[in-house]
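**Student:** Each chain, letter by letter, is given below.
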Amino acid sequence: MVHLRDMPEKLRDALVNQELPAYESTPWVDAKPLAESRVAMISTAGLHRRDDPPFAPGAGDYRIIPDDVDTDELVMSHISTNFDRTGFIRDVNTSFPIDRLHELIEEGVVGSAASRHFSFMGATPPAAMEPVARDLAGLLKQDRVDAVLLVPV
Amino acid sequence: MGGLAHILEEEGIPTTHISLIRTHTEKMRPPRALAVPFELGRPLGAPDEPGFQRRVLLATLKLLERPSGPVLEDFPDEPPGTGAEDDTEGWACPVSFAPPADDLSDADLVCRALEQEIGLLRPWYEEAVRARRRTMFGISGRTPEEIARVIADVLVDPSGTAPPIEGESVAVGFKRLADDLRYFYTEAATARPDANTGDVAVANWLWGETTLGKVLVAIRDDAMDSEDPSFKALAVTAMVPTHQRHRTKHG
Chain A
1 MVHLRDMPEK
11 LRDALVNQEL
21 PAYESTPWVD
31 AKPLAESRVA
41 MISTAGLHRR
51 DDPPFAPGAG
61 DYRIIPDDVD
71 TDELVMSHIS
81 TNFDRTGFIR
91 DVNTSFPIDR
101 LHELIEEGVV
111 GSAASRHFSF
121 MGATPPAAME
131 PVARDLAGLL
141 KQDRVDAVLL
151 VPV
Chain B
1 MGGLAHILEE
11 EGIPTTHISL
21 IRTHTEKMRP
31 PRALAVPFEL
41 GRPLGAPDEP
51 GFQRRVLLAT
61 LKLLERPSGP
71 VLEDFPDEPP
81 GTGAEDDTEG
91 WACPVSFAPP
101 ADDLSDADLV
111 CRALEQEIGL
121 LRPWYEEAVR
131 ARRRTMFGIS
141 GRTPEEIARV
151 IADVLVDPSG
161 TAPPIEGESV
171 AVGFKRLADD
181 LRYFYTEAAT
191 ARPDANTGDV
201 AVANWLWGET
211 TLGKVLVAIR
221 DDAMDSEDPS
231 FKALAVTAMV
241 PTHQRHRTKH
251 G
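Residue numbers (the working numbering), protein chains in the order written: chain A, 1 to 153; chain B, 1 to 251.
If you are wondering where the hints come from, they were derived from the structure by calculation, not from laboratory data. One should not assume that every hint holds.
As the list claims (entries may be wrong) - Taking lysine-lysine and the PhoX-like style, the derived pairs with C-alpha atoms no more than 25 Å apart in a straight line are:
| # | chain 1 | residue 1 | chain 2 | residue 2 |
| --- | --- | --- | --- | --- |
| 1 | B | K27 | A | K10 |
| 2 | B | K27 | B | K62 |
| 3 | B | K249 | B | K232 |
| 4 | A | K32 | A | K141 |
| 5 | A | K10 | B | K232 |
| 6 | A | K10 | B | K249 |
| 7 | A | K32 | B | K232 |
| 8 | B | K249 | A | K141 |
Isolated chain A, as found in the complex (with noise of 0.2 Å):
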């Protein structure tokens, strides 16, 4: 297991330690009941379909992934070597719920997915993320998102 506890010492504190962007305050929007609500969904597991060009190391970028995708179409290309795949080679919900989220729409407990979803590979600096993340944000806000589910791996 790629578990936080049984990472050797000195790497978990890294890891853990690692320095952050210090935040503050925290900004809140509130949000709609989720039964009417539109979700998007944004992963940063490197994820992306067969023919989009791969993750380069230090990417800020991301695919789009669409609602409706062939999900044995979905690949992942991060370039990191310390998390579990055996679970997503398995099983894309492991990382990416699209069923799951799909099956809570038909039974009426979430509204809608959006049209788009999307994947960024993390352990990019946050810097070279914000100016693509702000700009995301509007192409959200055309899709009328009401909601984003954030999913690390």
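Keeping the supplied structure of chain A fixed, place chain B upon it in accordance with the hints.
**Tutor:** Relative to chain A, chain B alone:
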């Protein structure tokens, strides 16, 4: 992840997120997060466990209905199969290999040893693809044998190797090809339906018992002392998993 939450929320879009490293989320203070006790790479807990995945997803989405925040809540349960999946005794690669090649100084010999492993793994790889109807292998667009050739060349003469992927440095091209071939090995090794195993068990086999693993460790050892900054940068963090670094010279 927490940074993205801040930015999107500032832009007026409510966010909720799964947190795999609670201490990071405590520092970043995003609006809504569910801390989960799962291993890295498995934010929904476990593969082929739709009921469990649904609970994790729903618990994360429900945080959107909280009246105020920031909210950082803990998901209480370990994923199904915890404990059993650690059991490396229960898993073995379907193929028995000869011990890894001893002589790593001759690129042609190394290439042949890698091709032998690929040949033995191929029927299991094909079995895995048939069963899962999908594969991660192939991102580089090269065949396993083409990748073996590049890896053998990088091992013996990195500075004399032509960039294997157009427009990318030798280091980045090598990295992409090596990652791709590791998918081929991993998918083949976990092809049997009973092979309910995790990353570390497969990695212990790949890095400890195959010529590929031995060669990748040797390339990492050299890359750590390389004057090529792109090799050095990848070597430090992105060539050998943390749980296999004890096999390397630099740790």
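**Student:** Are the hints correct? Go through all of them and say.
**Tutor:** Outcome of the hint check:
1. Note on K27 of chain B and K10 of chain A: the hinted pairing holds, with a Cα-Cα distance of about 20 Å set against a maximum of 25 Å.
2. Among the hinted pairs, K27 of chain B with K62 of chain B is consistent with the structure: their alpha-carbon atoms are about 22 Å apart, no more than 25 Å.
3. A distance of roughly 14 Å separates the Cα atoms of K249 of chain B and K232 of chain B; the hinted pair therefore holds under the 25 Å criterion.
4. Only pairs whose Cα atoms come within 25 Å are accepted, and K32 of chain A paired with K141 of chain A is accepted, the gap being roughly 14 Å.
5. Between K10 of chain A and K232 of chain B, the direct Cα distance comes to roughly 20 Å. Compliance with the 25 Å bound is thereby established for this hinted pair.
6. Proposed proximity of K10 of chain A and K249 of chain B is supported: the alpha carbons are some 16 Å apart, at most 25 Å.
7. For the hint pairing K32 of chain A with K232 of chain B, the CA-to-CA distance comes to about 48 Å; that exceeds 25 Å, so the pair is violated.
8. Restraint check for K249 of chain B and K141 of chain A: the C-alpha separation of about 50 Å exceeds 25 Å, so the hint is violated.
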